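Q: For the record, the sequence lines run as chains A and B.
Note that this note's numbering has the first sequence beginning at 1292, numbered continuously upward.
Note that this note's numbering has the second sequence beginning at 17, numbered continuously upward.
No lab work stands behind these hints: they were computed from the structure.
Do not rely on the hints blindly, as some may be mistaken.
Claimed, not checked - When the alpha-carbon atoms are kept at most 25 angstroms apart in a straight line, the in silico SDA-like pairs for lysine to any residue are as follows: (1) K166/B <-> K1506/A; (2) K166/B <-> G1588/A; (3) K1366/A <-> G186/B; (4) K107/B <-> I1332/A; (5) K1601/A <-> H1373/A; (6) K1451/A <-> I110/B; (7) K1609/A <-> K166/B; (8) K1467/A <-> N1407/A; (9) K66/B <-> S82/B; (10) K1601/A <-> S1579/A; (11) K1451/A <-> K1467/A; (12) K166/B <-> Q1351/A; (13) K1549/A <-> L1508/A; (14) K107/B <-> Y1437/A.
Unchecked claim - What follows is a set of in silico ranges between Cβ atoms, one per label pair, in the way DEER data are often shown: (15) D1480/A <-> Q210/B: 28 to 36 angstroms; (16) F169/B <-> D1480/A: 55 to 63 angstroms; (17) S83/B <-> V1497/A: 52 to 60 angstroms; (18) G1448/A <-> E153/B: 48 to 56 angstroms; (19) N1364/A <-> L175/B: 16 to 24 angstroms; (20) Q1351/A <-> Q171/B: 41 to 49 angstroms; (21) T1482/A <-> L85/B: 41 to 49 angstroms; (22) K1559/A <-> L175/B: 39 to 47 angstroms; (23) D1416/A <-> M100/B: 28 to 36 angstroms.
Fair warning: this is a prediction, and the values are worked out from it, not measured in the lab.
Cβ coordinates follow ideal geometry from the N, Cα and C atoms, glycine included.
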Amino acid sequence: MDENTGENQDFSSILDLNNDDDVITPEEVLRKMTMIWQNEICAPCLLPTEMDLVDILLDQIQGMDDNITRQSNKKALRISVHRVELQRISYITSDYLRCRVRKIEDNPHVAIEEHNKRVEGRLSDLLSPQELTFAEDYAQIEADLYHNTALEIVPAGLRKIQVPTTYHNEDMVYAKVLKDNVEDVSIPDWTDLNAEVVIEMEKNSVHLIAFNSIKQLIEQEDNFLTSPLVGCRDKNGETALHEACLAGKFDCVLSLLKGGSAINAVGKPCRTPLDCVINSSSGAPNRSIVDYLTREGALTYEGLRNTASKVIQRFWKKSKLYREKKK
Amino acid sequence: MSSGSTNQGGVADKALQLVLEMKRNPDVLPPYNTELIRLCQQKIDELFQKNAAVVEQIRAGEVVDSSMLQPRLAAMCHIRRCMMAYVNERKNRIRSYRWRYGGALPASVRNALCDAEIQFFNDYSSSLARYQSSLGEGGVNLLLHTAPPKSLFVQVRALEDYGEFETSDGTQVQLTKDSLHSLPRQDCEMMIRQGVLELVH
């Protein structure tokens, strides 16, 4: 069912693109934005800009905000839910923009150079006009700083230095195949320099692969989601955090949480990561993990259910039905 | 090595100290070390003069020992590299202050910067502001929404007498020292960063 509607939407958006952009549904925009955001975070270098999408979303955030302020009953549950959703969308867009700013600042010269290369090759723009201005500004400011502090005082022959180049082509990323019929990817075979290994890209398979090998696919067909391990679930719906907790690996827990893993994720076996540590397979529970998790707001499955039921009860007591029943 | 006991140690010792200074203070920004930079500059100048003298002699057709030319050049480049690393690391930290405090630096940080760095901070600040205001129709404040939202309201404690504060939904609150409030997250994000409010868990 879900899959069908998904395909229909894709189809309609392709049709719409030919005559009118405005008909893309908000859901579609948000779905795309989430994916682009995730890709941008996971990719080791800048991906082509998607500023049009950001503009649409910024516009919609403004619209929704106005809508909410017009509502009379501000305490209604519906309004709160809308507000949280609005904040989520705002977070995604801001974080996407921040991530790009960070990457531009890391090496503005390389960003500008790559952008110009893409313009020459008639590919989609790497930087939006605003980002390009920012990159140029920043490169200038940075050069001024270097000049005024260190380079000014050394002999003239030593004043020029090379712009460092950073190549991310061999960086490994996690990538998930999102569509059917994706062409095979060939990667170099390191045991034989003349050979290549062909990897089949089946739908829903996840690969740990050099970024370079799938760069084209990410850009052109948005077939791929470079998805971090934090978002993946196994067949029982459990996350990598569950695994790390079961194994009692503190460093893994730390880096997964830092990467944004959901702290109270629950899969089919009805247990949160905290439950996993407490009932750890390797004997006594690891105290430091338990302490850390509780400090970060982790709950046991029992606790999670209690909190949820309390929230529901609170709203239930406020509702009309409850008051009428009491009478 | 030739000047004997008075000048023990390597050529790049001072330069190395610069880098170590940043490495040993990962959380605070030490004051800009003008003295060490000056010593590094002196060292480079000294090496440069020595090389220049040798080149001069070669040009004049004298027979000289030119074996130290390359090592001296390498030493100069090394010292320069250390200086650049020092400046670069400080630049990264100054940049992170823009994201933490917004456009106004607290005095404690400002005192640790040299003129060129203050200039950098101001320029960076304004170019970022320009970029932010060019986004969308009314601009976006990228300093807001820095964490994934988990709840609409957060519990905060006021750390100073701030006075009247109006939240985005129009309610007025009086922020006096040590008073507790439940405020919309996006309203107080900036004030938490400025140190007016503190999150209560």
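Q: Work down the list of hints and note, for each, if the structure agrees.
A: Here's how the hints hold up against the structure:
{"no.": "1", "hint": "K166/B <-> K1506/A", "verdict": "violated (33 angstroms)"}
{"no.": "2", "hint": "K166/B <-> G1588/A", "verdict": "holds (11 angstroms)"}
{"no.": "3", "hint": "K1366/A <-> G186/B", "verdict": "holds (14 angstroms)"}
{"no.": "4", "hint": "K107/B <-> I1332/A", "verdict": "holds (23 angstroms)"}
{"no.": "5", "hint": "K1601/A <-> H1373/A", "verdict": "holds (21 angstroms)"}
{"no.": "6", "hint": "K1451/A <-> I110/B", "verdict": "holds (24 angstroms)"}
{"no.": "7", "hint": "K1609/A <-> K166/B", "verdict": "holds (22 angstroms)"}
{"no.": "8", "hint": "K1467/A <-> N1407/A", "verdict": "violated (30 angstroms)"}
{"no.": "9", "hint": "K66/B <-> S82/B", "verdict": "holds (11 angstroms)"}
{"no.": "10", "hint": "K1601/A <-> S1579/A", "verdict": "violated (29 angstroms)"}
{"no.": "11", "hint": "K1451/A <-> K1467/A", "verdict": "violated (44 angstroms)"}
{"no.": "12", "hint": "K166/B <-> Q1351/A", "verdict": "holds (21 angstroms)"}
{"no.": "13", "hint": "K1549/A <-> L1508/A", "verdict": "violated (28 angstroms)"}
{"no.": "14", "hint": "K107/B <-> Y1437/A", "verdict": "holds (9 angstroms)"}
{"no.": "15", "hint": "D1480/A <-> Q210/B: 28 to 36 angstroms", "verdict": "violated (56 angstroms)"}
{"no.": "16", "hint": "F169/B <-> D1480/A: 55 to 63 angstroms", "verdict": "holds (56 angstroms)"}
{"no.": "17", "hint": "S83/B <-> V1497/A: 52 to 60 angstroms", "verdict": "holds (58 angstroms)"}
{"no.": "18", "hint": "G1448/A <-> E153/B: 48 to 56 angstroms", "verdict": "holds (50 angstroms)"}
{"no.": "19", "hint": "N1364/A <-> L175/B: 16 to 24 angstroms", "verdict": "violated (34 angstroms)"}
{"no.": "20", "hint": "Q1351/A <-> Q171/B: 41 to 49 angstroms", "verdict": "violated (30 angstroms)"}
{"no.": "21", "hint": "T1482/A <-> L85/B: 41 to 49 angstroms", "verdict": "holds (46 angstroms)"}
{"no.": "22", "hint": "K1559/A <-> L175/B: 39 to 47 angstroms", "verdict": "holds (45 angstroms)"}
{"no.": "23", "hint": "D1416/A <-> M100/B: 28 to 36 angstroms", "verdict": "holds (32 angstroms)"}
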